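**Student:** Given only the sequences and the hints, what does the whole structure look like? Please build it.
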Amino acid sequence: MLTKEELIEKLTARYGESIRVDEDSLDLPAVIIDRAKAHDLVKYLRDELGFNFLTTLCGMHYADNAPEQQFGVVYHIHNWIENVRLRIKTFLPADNVAVDTMSDLYASANWQERETYDFYGIDFKGHPDLRRILNMDEMESFPMRKEFPMEDPGRTDKDDRYFGRVPQTNNVPNNELR
Amino acid sequence: MSQPLTKKIEDRYYDEIRVRENEDGSELSILNLGPTHPATHGIFQNVLLMDGERIVDAESTVGYIHRAFEKIAENRPFYQITPLTDRMNYCSSPINNMGWWLTVEKLLNIEIPKRVQYMRVIVMELARIADHLICNSILGVDSGAFTGFLHIFTYREHIYEIFEEISGARLTTNMGRIGGFERDWSDAAWAKIHKFMAEFPDAWEEFDRLLTRNTIFMNRCLNVGPLSVEKALQYGFTGPNLRAAGVDYDVRVAQPYCSYEDFEFNIPVGKTGDTYDRYMVRQQEVRESLKIIRQAIAKMPKEGGYHADVPDYYLPPKQDVYNNMEALIYHFKIVMGEIPVPKGEVYSCVEGGNGELGFYLVSDGSRVPFRLHFRRPCFIYYQYYTEMIKGGYLSDAILILSSLNVIAGELDA
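Chains as they are written, first to last, in the working numbering: chain A, 31 to 208; chain B, 10 to 422.
These are computed hints drawn from the structure, not numbers from a lab. The model shown is predicted, which means the values in this text are computed figures rather than measured ones. A couple of the hints might just be wrong.
List of simulated lysine-lysine pairs, DSS-like, C-alpha gap at most 27 Å [stated by the list, open to error]:
#1 155/A / 67/A
#2 201/B / 119/A
#3 80/B / 155/A
#4 119/A / 115/B
#5 67/A / 119/A
#6 327/B / 119/A
#7 308/B / 176/A
#8 201/B / 327/B
#9 34/A / 115/B
**Tutor:** Written out as structure tokens, the structure reads:
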């Protein structure tokens, strides 16, 4: 049996400084990996530790983080034999939003990476066909980035300050846009 | 950052037609299947390069009904996200609803009473039956057998009547609350469930007799669109389509939620993963779902109420909201999302109609999710569809699409 502790131990032994445990996770074992090692880590997990299935992959935009950690990609991979899941997070800097593709390891990453590119503008190096998928090809922005407000900026009824809270900075507060 | 616009699919195919014509004189043609086509049951566009009736190459375009659910979810409190989940796999929306509540409850660390869990199991299995029922009967329609569809569709109506009795809505149910259901199930709802359980199994066997050993149907389905285990795993297949290929992965068993471990049921698996196997797996899964519902009704605890005791998250009864100041305040706070939410990330999944339906919820402690990502099984496995239809006949492509049960709403989210 591959326990959570063993898994983390193995990964720390192999990647040392480049990996650390993700404290935000409330359920699954989770690690944060340097983006240069991300592909290698997933390959190692797939080939050596039996993580045969890429459950999901998604982009993140941490608008509040330092410019070196503005963007992220989160992978959920799953070892079906031992029934262990692992969450892998990697941070990407704002000036070079790129990470190696996983589509050579898991074919299912192909469309999911296209989707992530479509919404966050994350460049997956080595992807065979990186173009928009759900949005129209002519679109120029990356709509899931936090700087794009969803609602009418004139709306005031959902302003957090009316609820005795500091305005949220992650979802750009309505009042700043006016 | 922006990519140059890639060449249009049609233009690429025109080039290929010219090349092939000069090479060996073959006359290829382009066929635009979709975006709206009566046989695709949803908005799917596939541009096909055809050699007579054979498909040489195919390319699918998705996103015609993309509604930006992930972006909307970043601006909505938890209670306003259920209607979004309804509209993903609209053939079995209660499973999506329950999957979403389970995710929220996992984040908030709420213990759910046994009775509520069993009620949820009943609802989810009814939804699974509705989902598989549509998929299999439409598969019959696409292969020319209309009778089974017409006959069995009455029972989907009965299932929707049960949903209506429970939640007030039929298709997009928006069912449940954090911690349970909005109200206890009425006697009428129970009566409908019992009536359904008494009548449906026979009808299902009758439907089975109409289709399963029908020679025309078998000839149309056997060895059409086979799927190997390797490809299925590579392309992220889950659910009935994966089980038809021969892998017994089912979230209900691998990571039981809602007390699925209390019930005895089998996971049907196929062998070759072709259209017929996919049909057979769904056919059998309906019987297993009936088994689960029967057990859940029999084991249903008398005590336990219909929701967990979590006044911070569960809306107060309407009666109190109108007559009691405290309840009104709570009602307002909960609806506006002013509830204590811990900071953190959870991933929770349920076995949806088409496979592992996952929710990756990142909360920064505010009233809305920081990020909510839906793992939509259809979106992930639909990318293999073009590979499956290459080299086959056009009429088989329609059957494969039906048997994969690709739901446009879930594909595009």
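**Student:** Would you mind marking each hint as holding or not holding in the structure?
**Tutor:** Against the structure, the hints come out as follows:
1. 155/A / 67/A: 13 Å, holds
2. 201/B / 119/A: Between residue 201/B and residue 119/A the Cα gap is close to 47 Å, so the pair fails against 27 Å, i.e. violated.
3. 80/B / 155/A: 25 Å, holds
4. 119/A / 115/B: 20 Å, holds
5. 67/A / 119/A: Roughly 11 Å separates the two Cα atoms, so the pair holds.
6. 327/B / 119/A: 43 Å, violated
7. 308/B / 176/A: 48 Å, violated
8. 201/B / 327/B: Holds. Residue 201/B to residue 327/B sits at ~25 Å (cutoff 27 Å).
9. 34/A / 115/B: Holds. Residue 34/A to residue 115/B sits at ~19 Å (cutoff 27 Å).
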